[in-house]
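Student: Please model the entire structure based on the sequences and the hints provided.
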Amino acid sequence: MPITELVCISCPLGCPLRVETDGAGRVIAVTGNTCKRGEDYGRREATTPMRTVTSTVGVTGGTAPVAAVRTRGEVPKNKIFAVMEALRGVIVPAPVELGQVIIPHIAGTDADLIATQRVERREAQEENQFAE
Amino acid sequence: MDRELVIIGGGPAGLAAAIAAREAGVRDLLVLEREKELGGILNQCIHNGFGLHTFQEELTGPEYAARYIDRAQALGIPYRLSTTVVDLQRQEAGLAVATVSKGEGLVQINARAVILAMGCRERPRGALNIPGARPAGIFSAGTAQRLVNREGWLPGKRVVILGSGDIGLIMARRMTLEGARVLCVAELMPYSGGLKRNIVQCLQDYDIPLKLSHTVVDIRGRERVEGVTLARVDESLRPIPGTEEELDCDTLLLSVGLLPENELSKAAGVALSPVTGGPLVDESLETGTPGVFACGNVLHVHDLVDYVSEEAAQAGRSAAAYLQGKPSAPSRRDIPLTPCGAVRYTVPAFVDPARMPEEVTVRFRVGRGLRGAVVTVRAGGRELLRRKRPVMAPGEMEQLTLKRQWLTGDEAALEICAQEAKEGEPSCQ
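So the sequence lines, in the order shown, correspond to chains A and B. Residue numbers for the first sequence follow the working numbering, so the first one is 2 and each next one is one higher. Residue numbers for the second sequence follow the working numbering, so the first one is 644 and each next one is one higher.
Some hints here could point you the wrong way.
[Unchecked claim] Listed below are the simulated EDC-like cross-link pairs for lysine to aspartate or glutamate, each with C-alpha atoms no more than 16 Å apart in a straight line:
#, chain 1, residue 1, chain 2, residue 2
1, B, Lys800, B, Glu821
2, B, Lys800, B, Asp893
3, B, Lys854, B, Glu889
4, B, Lys679, A, Glu121
5, A, Lys78, B, Asp848
6, B, Lys800, B, Asp891
7, B, Lys839, A, Glu124
8, B, Lys800, B, Asp848
9, B, Lys854, B, Asp877
10, B, Lys679, A, Glu124
11, B, Lys839, A, Glu121
12, A, Lys78, B, Asp850
13, B, Lys839, B, Glu678
14, B, Lys745, B, Glu678
No lab work stands behind these hints: they were computed from the structure.
Tutor: This is the structure we're talking about:
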């Protein structure tokens, strides 16, 4: 039976987990954990590990050359590089709003890529320099 | 120009302090920020994991900052961008804040109270005594983070990272996602100071080796880094001859610690802690210089921004109370908080039982990892608090709540102790 060895990240204890799965990817047993959260983490991480991907995209005509982005929700871990490939070279015009969808369902996942940073149009910010 | 309250720094600490001060009734205040926008270091921390305590959701740094920026703007809190404070001096009444900006040149602001919220900066190469050449291609991890996340530049293609602090781990992942090859993260100590979550999600996810008890003993290259030499270190952290390993790389990132940035505090005569490098403060987060308060990473380096926001809000409320002439008990008597066992320092460093509120949050860090730990607060032989902690780590800030009702006011000192239960009863007096 395949065994996956993990370090639990649910709390600072960092228990060493051993997750035993059958050939079809079903979890048979989690050992090494000291709490229920550890077991849940072990099951999830050994079968369907998920991650939020964060990066940047280019911006034209803005007060910054790039805007930060993230997937809204997590994507399968094995899709991380597909997400990065899909956002590489993407350039959006300013202004960029917080939460603006940059790429819907990025890389065929359920998650939209959204902006996590505002970028104003270049002239807009100059007036704002002294907002007293 | 005269202001009741000036807040130096528009990052998470300065924003939360300004919001709390305004909400406590301070009308005449001003935030000074040297960058061209508010938000501080959060603007370049584009990864997620911020705000779980405060907002019960996982935000990225810029999103967390935006919550506070929006609140500050809704309250009409005035701020100045691209404005650097170059000097801070006590004067007859209050403080003189000297600022420089491109638009207005040198401007002095007279303030009745000041909140220090300047944050921290990274320990540079010069503080490490790494021998070797001085070519281009050596960056602090935070500088690389700024270049990648704010400026849109990739500072190198083959990277070695020295130091396994969280910024180094985060940048190992970030550089990898952007197409660089991160050869390894070398850590001098036998353990990483970074969070477990970052070890797993930034290194293991990308098969980046973490080499504990290793350091850089040589840097090669004339114009640009061409390679570094790693060596294993012994228990006293000295490189072991014969363990050297040559790595070809064009970039070395340093993630070797953060230092509170207190040049202005020193100029104003604020007394600093030799342990944290930040001001010594009482329970209201007031420094030894009357009317000067401190919060956030300039006070002590935090692990979570949520705690920065909490602490800064307290500094804002304290500054408001100071300006409004509230309680100021006549006979002030400070009781020192004495770190003992594995506790390295506490914030605050003093409490005044006459002035303190019902409850005071005491934040501290331990200097070594503990399992099966016991945290105690004692006054002489009297135990005021005993709490079990399954695990404590140097990388994580701890806190406890000190209650006024426990104190008689006659205590010579309060000992804040953390040690493993098997070490027996606290013996540090």
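Student: Would you mind marking each hint as holding or not holding in the structure?
Tutor: So, going through the hints one by one against the coordinates:
no., hint, result
1, Lys800/B to Glu821/B, "9 Å, holds"
2, Lys800/B to Asp893/B, "7 Å, holds"
3, Lys854/B to Glu889/B, "14 Å, holds"
4, Lys679/B to Glu121/A, "12 Å, holds"
5, Lys78/A to Asp848/B, "8 Å, holds"
6, Lys800/B to Asp891/B, "11 Å, holds"
7, Lys839/B to Glu124/A, "44 Å, violated"
8, Lys800/B to Asp848/B, "19 Å, violated"
9, Lys854/B to Asp877/B, "13 Å, holds"
10, Lys679/B to Glu124/A, "14 Å, holds"
11, Lys839/B to Glu121/A, "37 Å, violated"
12, Lys78/A to Asp850/B, "13 Å, holds"
13, Lys839/B to Glu678/B, "32 Å, violated"
14, Lys745/B to Glu678/B, "12 Å, holds"
Hints 7, 8, 11, 13, counting from the list given before, are not met by this structure.
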